[in-house]
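Peer 1: Fit chain Z to the supplied structure of chain U, relying on the hints for placement.
Heads up: the sequence lines are chains U and Z, in that order.
The UniProt record's numbering numbers the first residue of the first sequence as 1 and each following residue consecutively.
The UniProt record's numbering numbers the first residue of the second sequence as 1 and each following residue consecutively.
Pairs count within a copy or across copies, as identical chains cannot be separated in the list.
Straight-line alpha carbon distances no greater than 30 Å define the calculated DSSO-like cross-link-like pairs of lysine-lysine that follow:
id: 1; residue 1: K430; residue 2: K446
id: 2; residue 1: K363; residue 2: K430
id: 3; residue 1: K446; residue 2: K59
id: 4; residue 1: K446; residue 2: K413
id: 5; residue 1: K450; residue 2: K430
id: 6; residue 1: K59; residue 2: K450
id: 7; residue 1: K36; residue 2: K430
Calculated from the structure, these hints are not laboratory results.
2 protein chains.
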Amino acid sequence: MSMSDSFIHDLRQALGDDQLLVHEQIEPRYKTDWSKASVCEPVAVVRPRSTEAVSAALKVCHAHGHPVTVQGGMTGLVGASQANDGDVVMSLEFLNGVQEIDATASCMTVWAGTPLQLVQEAAQAAGLYFAVDLGARGSCQVGGNIATNAGGNRVIRYGMMREQVLGLEVVLADGTIVTSLNKMLKNNAGYDVKQLFIGSEGTLGVITRAVLRLHAMPTETTTVLCALAHQDAMVSFLRRVRSMAGPSLLAFEVMWPDFFSFMTERVPGNVSPFERSDVMAVLLEVATGDAGLANDVLEGLLESALDAGELTDAAIAQSGKQADAFWRIRDSVSEFPLLFAPYASFDVSLPIQSVCEFVTTLKSQLAKDMACAQSLFFGHIGDSNLHIVVHVPGPRQTFPKDAIDAAVYELVKQYHGSVSAEHGIGTRKKPWLGYSRSPAEIEVMKVIKKALDPGQILNRGRVIDF
Amino acid sequence: MSMSDSFIHDLRQALGDDQLLVHEQIEPRYKTDWSKASVCEPVAVVRPRSTEAVSAALKVCHAHGHPVTVQGGMTGLVGASQANDGDVVMSLEFLNGVQEIDATASCMTVWAGTPLQLVQEAAQAAGLYFAVDLGARGSCQVGGNIATNAGGNRVIRYGMMREQVLGLEVVLADGTIVTSLNKMLKNNAGYDVKQLFIGSEGTLGVITRAVLRLHAMPTETTTVLCALAHQDAMVSFLRRVRSMAGPSLLAFEVMWPDFFSFMTERVPGNVSPFERSDVMAVLLEVATGDAGLANDVLEGLLESALDAGELTDAAIAQSGKQADAFWRIRDSVSEFPLLFAPYASFDVSLPIQSVCEFVTTLKSQLAKDMACAQSLFFGHIGDSNLHIVVHVPGPRQTFPKDAIDAAVYELVKQYHGSVSAEHGIGTRKKPWLGYSRSPAEIEVMKVIKKALDPGQILNRGRVIDF
Numbered sequence: 001m002s003m004s005d006s007f008i009h010d011l012r013q014a015l016g017d018d019q020l021l022v023h024e025q026i027e028p029r030y031k032t033d034w035s036k037a038s039v040c041e042p043v044a045v046v047r048p049r050s051t052e053a054v055s056a057a058l059k060v061c062h063a064h065g066h067p068v069t070v071q072g073g074m075t076g077l078v079g080a081s082q083a084n085d086g087d088v089v090m091s092l093e094f095l096n097g098v099q100e101i102d103a104t105a106s107c108m109t110v111w112a113g114t115p116l117q118l119v120q121e122a123a124q125a126a127g128l129y130f131a132v133d134l135g136a137r138g139s140c141q142v143g144g145n146i147a148t149n150a151g152g153n154r155v156i157r158y159g160m161m162r163e164q165v166l167g168l169e170v171v172l173a174d175g176t177i178v179t180s181l182n183k184m185l186k187n188n189a190g191y192d193v194k195q196l197f198i199g200s201e202g203t204l205g206v207i208t209r210a211v212l213r214l215h216a217m218p219t220e221t222t223t224v225l226c227a228l229a230h231q232d233a234m235v236s237f238l239r240r241v242r243s244m245a246g247p248s249l250l251a252f253e254v255m256w257p258d259f260f261s262f263m264t265e266r267v268p269g270n271v272s273p274f275e276r277s278d279v280m281a282v283l284l285e286v287a288t289g290d291a292g293l294a295n296d297v298l299e300g301l302l303e304s305a306l307d308a309g310e311l312t313d314a315a316i317a318q319s320g321k322q323a324d325a326f327w328r329i330r331d332s333v334s335e336f337p338l339l340f341a342p343y344a345s346f347d348v349s350l351p352i353q354s355v356c357e358f359v360t361t362l363k364s365q366l367a368k369d370m371a372c373a374q375s376l377f378f379g380h381i382g383d384s385n386l387h388i389v390v391h392v393p394g395p396r397q398t399f400p401k402d403a404i405d406a407a408v409y410e411l412v413k414q415y416h417g418s419v420s421a422e423h424g425i426g427t428r429k430k431p432w433l434g435y436s437r438s439p440a441e442i443e444v445m446k447v448i449k450k451a452l453d454p455g456q457i458l459n460r461g462r463v464i465d466f
Numbered sequence: 001m002s003m004s005d006s007f008i009h010d011l012r013q014a015l016g017d018d019q020l021l022v023h024e025q026i027e028p029r030y031k032t033d034w035s036k037a038s039v040c041e042p043v044a045v046v047r048p049r050s051t052e053a054v055s056a057a058l059k060v061c062h063a064h065g066h067p068v069t070v071q072g073g074m075t076g077l078v079g080a081s082q083a084n085d086g087d088v089v090m091s092l093e094f095l096n097g098v099q100e101i102d103a104t105a106s107c108m109t110v111w112a113g114t115p116l117q118l119v120q121e122a123a124q125a126a127g128l129y130f131a132v133d134l135g136a137r138g139s140c141q142v143g144g145n146i147a148t149n150a151g152g153n154r155v156i157r158y159g160m161m162r163e164q165v166l167g168l169e170v171v172l173a174d175g176t177i178v179t180s181l182n183k184m185l186k187n188n189a190g191y192d193v194k195q196l197f198i199g200s201e202g203t204l205g206v207i208t209r210a211v212l213r214l215h216a217m218p219t220e221t222t223t224v225l226c227a228l229a230h231q232d233a234m235v236s237f238l239r240r241v242r243s244m245a246g247p248s249l250l251a252f253e254v255m256w257p258d259f260f261s262f263m264t265e266r267v268p269g270n271v272s273p274f275e276r277s278d279v280m281a282v283l284l285e286v287a288t289g290d291a292g293l294a295n296d297v298l299e300g301l302l303e304s305a306l307d308a309g310e311l312t313d314a315a316i317a318q319s320g321k322q323a324d325a326f327w328r329i330r331d332s333v334s335e336f337p338l339l340f341a342p343y344a345s346f347d348v349s350l351p352i353q354s355v356c357e358f359v360t361t362l363k364s365q366l367a368k369d370m371a372c373a374q375s376l377f378f379g380h381i382g383d384s385n386l387h388i389v390v391h392v393p394g395p396r397q398t399f400p401k402d403a404i405d406a407a408v409y410e411l412v413k414q415y416h417g418s419v420s421a422e423h424g425i426g427t428r429k430k431p432w433l434g435y436s437r438s439p440a441e442i443e444v445m446k447v448i449k450k451a452l453d454p455g456q457i458l459n460r461g462r463v464i465d466f
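Bound-form chain U, shown alone (with noise of 0.2 Å):
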């Protein structure tokens, strides 16, 4: 028997034939992600059913020094859960479903496997609210949510994922079942064992179960599409906003001028409900109702910014249709592949203040190096999150992203920004995450990663080198 049939001789003992897949039984969606950047040969696919088999699987590839790719709804963006040629993908598919929602502590423990919009889904039909939403919801999973810290359009409320897990079940390296599935807010009995997993984008361990926390319904909602008067107005308004509204501000998205008039513009269905469409807007979400913003509290907030001279103008969507309408205006970045490529996306952040500045410097520079570059603008900057598209057009094979990529990190690490607000590292933004991060702090996550799996079998070559 070769080494390479005793492992997976040895897999099959540990899992079972239902469990483990090889060879042509392995389909497509395993070897690459929703990019399909790349496609891989995995060894084989474990889909464990159980947090054991998770353990006994893992056992395996740590006893034989075998890598092991971790893979969730397959929707991240820096390829994370992209496996390597020979890697065991091990799929948490199976994993899927709530175990329990506890109305009373306010909490729902689930499994690693399950969509998100599942989750979301659970908590409202118990009469709650799970915070993180994003685009993906249908397919990726909370696992992989919380193996990302994944934000959305919640955070400047709510908080990250890592504010909304409670306790955590995970499955380190060498197979120990690590279970923490605490419920209480408040747990300082020793380290914060959970903590390390979130967000370390299943380096450290694979995560099985959590225990979610999960609010109170936002009874009712008012969204409002402002146009600024300009583009230093926005520092202004941001803190007239979150002095005014306080935890009744839901979201404080913000749309340059180029992004906006692109989405009114050239989107089918989409329209501006300003006399201008090349307007730096905000599109607020406030909390109001019973439990919110008093309706005139609103309006008077958005009178006090026209009379400071923040705004030129705001609209109060009348309806829900006319708030996805509005809505509509910031997501239809899915519009993107077809009316923009080829185009490179960012996920940076920076500190507020500098936001402005970084934009209208990395504008002027993009415009500079690539006569044709067009860039657009926008982001949750209530929370410190700038997205970035840049097109240059021509075709793919001549698309200067590395070009782009230098300039825009090069400019997130002269401001302190992260080259990673909410996407995390993955492999594709290895390269650059020293900008963002001190030597000193490297070698810290590199303690880590040797202390929790010195063999580095998990997601081996994710977010850090040796």
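Peer 2: Positioned in the frame of chain U, the structure of chain Z alone reads:
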């Protein structure tokens, strides 16, 4: 030169005379914490005036394998900052002050030795709000609050200290400075290294600076003292309040009847607003006014709870003075030493669903085991946090501390609670850590400790042993 002489010589070389105290220079305050439970003789006290000085001191201690006890405001309740004989004490008192307030990013950069109250006041002066508050605010230091992941009264709305920390500067055991003064709400560039140091009680690194998140100032709040119809109504009343008040709920403090009658009958100046004093009371604080619950909605909430038989009475504070009087009933725990000694006090967490059963069971068990035991129960029940105070009449010498500890923690274990909600483990709760954490969880803690402080010089013997 003896080994000890050479150690002090090296410390003096590294720090100079003004940052080092030895022998009779060492004042008593470095030798014991507020509990005065024990007194030690440190070999030296270092009082660094810069991050570099913290690093220089730790390099010497690390080279000599010399244990260091880190001291903040000395207000901890579990002995974590109580040095052992021969330790170097590192006091952060000179690393004191607010470095910057960034009102746009809603954050503050602050030295670790800054008293909590100063942080709160600086935020307020900038029109913002720092959300962690606790009784020791005048003495405790924000570095200690971070190291212990402090909780307090506002956790249900704002989370614990962990949720307030955006960035951190830490010096590792070997003197490596890890500066990560992130100001951005979203930053997924690699592992979130700071999480390791929050709540690890100074055992993994010395916190020198932090970037703290600030919130909008709560504009108006209303305090309500409610009388529950019976113990079991607590859970449904909590659900009702959570669901109707949403983010406007700032505090949900429960006082069991024995506690409430003790505080209103025995503490001078406290008065029950209800006909009887042996009620189970809930102290609600709710954001009202422009950005919170409308007054008629709050009244409707209370009426619906009265109609549903959850409450028998509710008193809405009609003035700031009356609100303070309601809070004083909850906060008169400082009277225990005078009125209830000798006593043992506890800070545990329990799944909310089990809290009432736990209280009933523990109360009857204590009464059975110790004829004259009196136990009082209260806490931040919205956060699962229960405080317990047990008094047995008689001299301090015969006070059955060990038996009470055993009874409480055995029951916490049985109900899957936490032996520490917010105070931490330190040395005093170490024997009970295994009641709330599994061997696998504790093993991960050890792996992390070994990886980051292999010589075990930082707060040796706290939280976990090897």
